[in-house]
Amino acid sequence: MKNKIYAIVIGFALVGCSQEELQPKAYVKWVENPENGLHMEVEKSGVKLKLQYQTPAYTVLNELRQNQVETKVLLDRTKAKMGMEYFTLKMSTDQNQPFFAERIKSNGALANYVNNTMKNDLYVVDKDTLRCKLFHYENMNGLAPYDTFVLGFESSTNKGSDLEFLYDAREIDLGWIKIKIDRKDIDNIPRVATI
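The numbers in the sequence shown follow the numbering used here, run straight up by one, and end at 202.
FYI, nobody ran anything at the bench for these hints, they're computed from the structure.
Careful, some of the hints might be misleading.
Stated by the list, open to error - Below are the EDC-like pairs computed for lysine to aspartate or glutamate, each with C-alpha atoms no more than 16 Å apart in a straight line:
| no. | residue 1 | residue 2 |
| --- | --- | --- |
| 1 | Lys57 | Glu42 |
| 2 | Lys166 | Asp194 |
| 3 | Lys191 | Glu77 |
| 4 | Lys57 | Glu39 |
| 5 | Lys55 | Asp180 |
| 6 | Lys86 | Glu161 |
| 7 | Lys185 | Glu171 |
| 8 | Lys32 | Asp101 |
| 9 | Lys126 | Glu161 |
| 10 | Lys51 | Asp169 |
| 11 | Lys191 | Glu42 |
| 12 | Lys134 | Glu171 |
| 13 | Lys97 | Glu27 |
| 14 | Lys57 | Glu145 |
| 15 | Lys185 | Asp128 |
| 16 | Lys126 | Glu48 |
| 17 | Lys57 | Asp101 |
| 18 | Lys97 | Asp189 |
| 19 | Lys187 | Glu42 |
| 20 | Lys32 | Glu70 |
Produce the entire structure from the sequences given, and follow the hints as far as they go.
Pasting the structure below:
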């Protein structure tokens, strides 16, 4: 019985709430398009933060990189990712340079912060305040014009009106940073066309 309920929940996550249906590559582009409200950007004190909300289906499709996906493959791979809210956070200076990459080379405490304790300063509010459970810093050693963080938060059982991403950035002298994602934009995510 539990597996049937889980399959129904995954099915809804795959098909989305919108009536629109997109091929996998078009779905990925749709999620990444800032006009659709899932890719937000803020700037504070010369630091740019770009937050990308990611559905479990989006993460799977990004891994597969195919334009046709079988329903069973998508369901099976998405099932393992359910129960989490996923995000990618990119940080750069206003001169389009990575914020952390150069600084951590000469600052051991900052390197420790970025690699170990920064996750304790990240939250998502969805009625409940959720702590970061999945955290990975991708150090590109300055090859990209930003630092990338892959983040995961347990899904709230109490859905609020909007999602709020909070970063207590006092460790890097930026204070609190808040990025809001409207629930209507999450509810408007299209379905994935499968074969």
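Now the hints, each set against the structure:
Simply put, Lys57 and Glu42 have alpha-carbon atoms about 14 Å apart, close enough for the 16 Å limit, and the pair holds. At roughly 12 Å between alpha-carbon atoms, Lys166 and Asp194 fall within 16 Å of each other, so this suggested pair holds. Only pairs whose Cα atoms come within 16 Å are accepted, and Lys191 paired with Glu77 is rejected, the gap being roughly 28 Å. At most 16 Å may separate the alpha-carbon atoms for a hinted pair to count; Lys57 and Glu39 meet this at roughly 11 Å.
Between Lys55 and Asp180 the CA atoms are separated by roughly 14 Å; this keeps the pair inside 16 Å, and the hint holds. Between Lys86 and Glu161 the CA atoms are separated by roughly 14 Å; this keeps the pair inside 16 Å, and the hint holds. The straight-line distance between the Cα atoms of Lys185 and Glu171 is roughly 7 Å, inside the 16 Å bound, and the hint therefore holds. About 31 Å separates the Cα atoms of Lys32 and Asp101, which puts this hinted pair outside 16 Å; it is violated.
Annotation: proposed proximity of Lys126 to Glu161 holds, straight-line Cα distance about 13 Å (limit 16 Å). Proximity of Lys51 to Asp169 is assessed by CA-CA distance (about 22 Å); at most 16 Å being required, the pair is judged violated. Between Lys191 and Glu42 the alpha-carbon distance is near 13 Å, which keeps this suggested pair within the 16 Å criterion. Under the criterion of a C-alpha separation no larger than 16 Å, the hint pairing Lys134 with Glu171 is consistent with the structure, at around 9 Å.
As the CA atoms of Lys97 and Glu27 are separated by approximately 29 Å, the hinted pair breaks the 16 Å bound. A C-alpha spacing of about 15 Å is found between Lys57 and Glu145, which places the hinted pair at or below 16 Å, so the restraint holds. Our distance criterion of 16 Å between C-alpha atoms is met by Lys185 and Asp128, whose separation comes to about 12 Å. Among the hinted pairs, Lys126 with Glu48 is inconsistent with the structure: their alpha-carbon atoms are about 20 Å apart, more than 16 Å.
Taking the CA atoms of Lys57 and Asp101, the gap is about 12 Å. The hint holds against a cut of 16 Å. For the given pair, Lys97 sits about 20 Å from Asp189 by alpha-carbon distance, which is inconsistent with the 16 Å threshold. Restraint check for Lys187 and Glu42: the C-alpha separation of about 14 Å stays at or below 16 Å, so the hint holds. Under the criterion of a C-alpha separation no larger than 16 Å, the hint pairing Lys32 with Glu70 is consistent with the structure, at around 11 Å.
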